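Below, each chain spelled out in residue letters.
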Amino acid sequence: MRVTKSRTRPFSVTPQLEPGAPSDLELMKAIQAEDPDALSQLYDRYNGILKALILRVIHNEAEADDLLQEIFMEIWNQAKNFSSQKGKPLGWMVTLARRRAIDGLRKKQAYARAEERLQNETEQQPDAWVHNSTEEEIVLSDTRSLIRQVISGLPPAQQEAIDLAFFRGMSQREIAAKTNTPLGTVKTRLELGLKKIYDGLKELKGEL
Amino acid sequence: MNFKEFQNQSRLYVIGALETEELEEFEKARKKFGKKAEDYIGECYGLHEAFALSLRPAKSSDGIKDRLMAMVRARKEV
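From first to last, the protein sequence lines are chains A and B. Following our numbering, the numbering of the first sequence begins with 1 at its first residue and continues without gaps. Following our numbering, the numbering of the second sequence begins with 209 at its first residue and continues without gaps.
Source of the hints: derived by calculation from the structure; they are not laboratory data. For clarity, every value in this text was computed on a predicted model and none was experimentally measured. Some hints could be false.
Unchecked claim - Here are the simulated DSBU-like pairs of lysine-lysine, each with C-alpha atoms no more than 30 angstroms apart in a straight line: (1) B/LYS244 <-> A/LYS80; (2) A/LYS195 <-> A/LYS178; (3) A/LYS29 <-> A/LYS205; (4) A/LYS107 <-> B/LYS273; (5) A/LYS202 <-> B/LYS236; (6) B/LYS212 <-> A/LYS80; (7) A/LYS108 <-> B/LYS244; (8) B/LYS240 <-> A/LYS196; (9) B/LYS212 <-> A/LYS195; (10) A/LYS108 <-> B/LYS240; (11) A/LYS196 <-> B/LYS273; (12) A/LYS187 <-> B/LYS284; (13) B/LYS273 <-> A/LYS187.
Stated by the list, open to error - Simulated restraints on C-beta separations: (14) A/LEU183 <-> B/ASN210: 36 to 42 angstroms; (15) A/GLN149 <-> B/THR228: 17 to 23 angstroms; (16) B/ASN210 <-> A/PRO19: 35 to 41 angstroms; (17) A/GLU26 <-> B/ASP270: 35 to 41 angstroms; (18) A/PRO19 <-> B/LYS267: 34 to 40 angstroms.
Where is the CB? At the ideal position from N, CA and C, for every residue including glycine.
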């Protein structure tokens with residue numbers, strides 16, 4: 001693996017685009033100017049990633065589809081609040097989608113149902129972070145494959161803590177209760193795991 | 209809190225994993241470090257992008273895009 005050190009620049013892991021395709025930023029600017037075709041292109045580019053993220057939170061196909069539609073509508077309505085100074089369009093969309101998905105999960109008080117589904121799906125789902133050892137069997141894009149290399153390099157307990165915090169919106173105390181682990185240990189797992197991922201992504205930047 | 213500790217906390221902050229009592233300390237440090245702090249937090253949001261890209265894209269229902277674009281065009285005409 002080629003490793004480049006770039007400590008001062010913000011990292012981005014946005015996938016490469018076809019030559020001549022408008023950048024995400026160009027599409028966001030067009031959406032800010034109320035161009036529906038730009039939203040259509042952004043949808044084609046990222047609906048799969050956002051749907052996967054939502055599905056990972058709420059574990060229900062139909063609800064995930066509904067939420068996906070609402071999120072793209074919100075992207076259209078809130079585009080004026082996007083500022084390239086604060087980050088990349090994909091990061092902004094993911095943050096928005098994650099917040100909506102976690103809110104949706106809480107509002108519907110679906111924790112119990114989701115928990116049951118999560119347990120079932122963790123056994124079946126090839127995409128789960130924890131205990132995933134079948135990566136070679138799955139055709140992954142270069143970007144995804146590289147990111148997953150970083151994540152799968154973490155000890156399972158760290159992966160689990162980050163997974164519960166990021167995809168389930170759990171606090172440290174909730175994670176401690178769910179995993180029957182001391183609060184201090186949860187904090188350490190999160191800190192170490194996130195630092196390793198952050199540093200790993202910085203190093204991967206040169207490859208993406 | 210020194211800047212290294214602030215960096216640690218920032219990574220927890222962006223994924224919403226800081227507890228209430230930690231958030232107060234974090235916000236104080238955020239003010240103290242100013243632009244350097246904001247730049248670092250902005251950088252940490254790259255983690256969101258990475259976590260999403262680590263997932264295999266899921267297929268959406270066929271009708272969603274049509275409904276979405278119809279809603280957008282209707283809203284634009286109003």
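How the hints compare with the structure:
1. B/LYS244 <-> A/LYS80: With a Cα-Cα distance of about 25 angstroms, the restraint between B/LYS244 and A/LYS80 holds, given a limit of 30 angstroms.
2. A/LYS195 <-> A/LYS178: This hinted pair holds, its Cα atoms lying about 23 angstroms apart.
3. A/LYS29 <-> A/LYS205: Holds, at about 25 angstroms.
4. A/LYS107 <-> B/LYS273: holds (25 angstroms)
5. A/LYS202 <-> B/LYS236: Satisfied, since the Cα-Cα distance of roughly 27 angstroms is no more than 30 angstroms.
6. B/LYS212 <-> A/LYS80: violated (34 angstroms)
7. A/LYS108 <-> B/LYS244: Outside the cut-off at roughly 39 angstroms; violated.
8. B/LYS240 <-> A/LYS196: holds (26 angstroms)
9. B/LYS212 <-> A/LYS195: With Cα atoms ~11 angstroms apart, B/LYS212 and A/LYS195 stay inside 30 angstroms; holds.
10. A/LYS108 <-> B/LYS240: Given pair A/LYS108, B/LYS240 is violated - Cα atoms ~39 angstroms apart, limit 30 angstroms.
11. A/LYS196 <-> B/LYS273: violated (37 angstroms)
12. A/LYS187 <-> B/LYS284: violated (47 angstroms)
13. B/LYS273 <-> A/LYS187: violated (41 angstroms)
14. A/LEU183 <-> B/ASN210: 36 to 42 angstroms: Given range 36 to 42 angstroms: violated, Cβ gap about 23 angstroms.
15. A/GLN149 <-> B/THR228: 17 to 23 angstroms: violated (35 angstroms)
16. B/ASN210 <-> A/PRO19: 35 to 41 angstroms: Check failed, 46 angstroms falls outside 35 to 41 angstroms.
17. A/GLU26 <-> B/ASP270: 35 to 41 angstroms: Taking Cβ atoms as reference, A/GLU26 and B/ASP270 lie about 27 angstroms apart, which means the hint is violated.
18. A/PRO19 <-> B/LYS267: 34 to 40 angstroms: violated (26 angstroms)
Going through the hint list in order, the structure does not satisfy hints 6, 7, 10, 11, 12, 13, 14, 15, 16, 17, 18.
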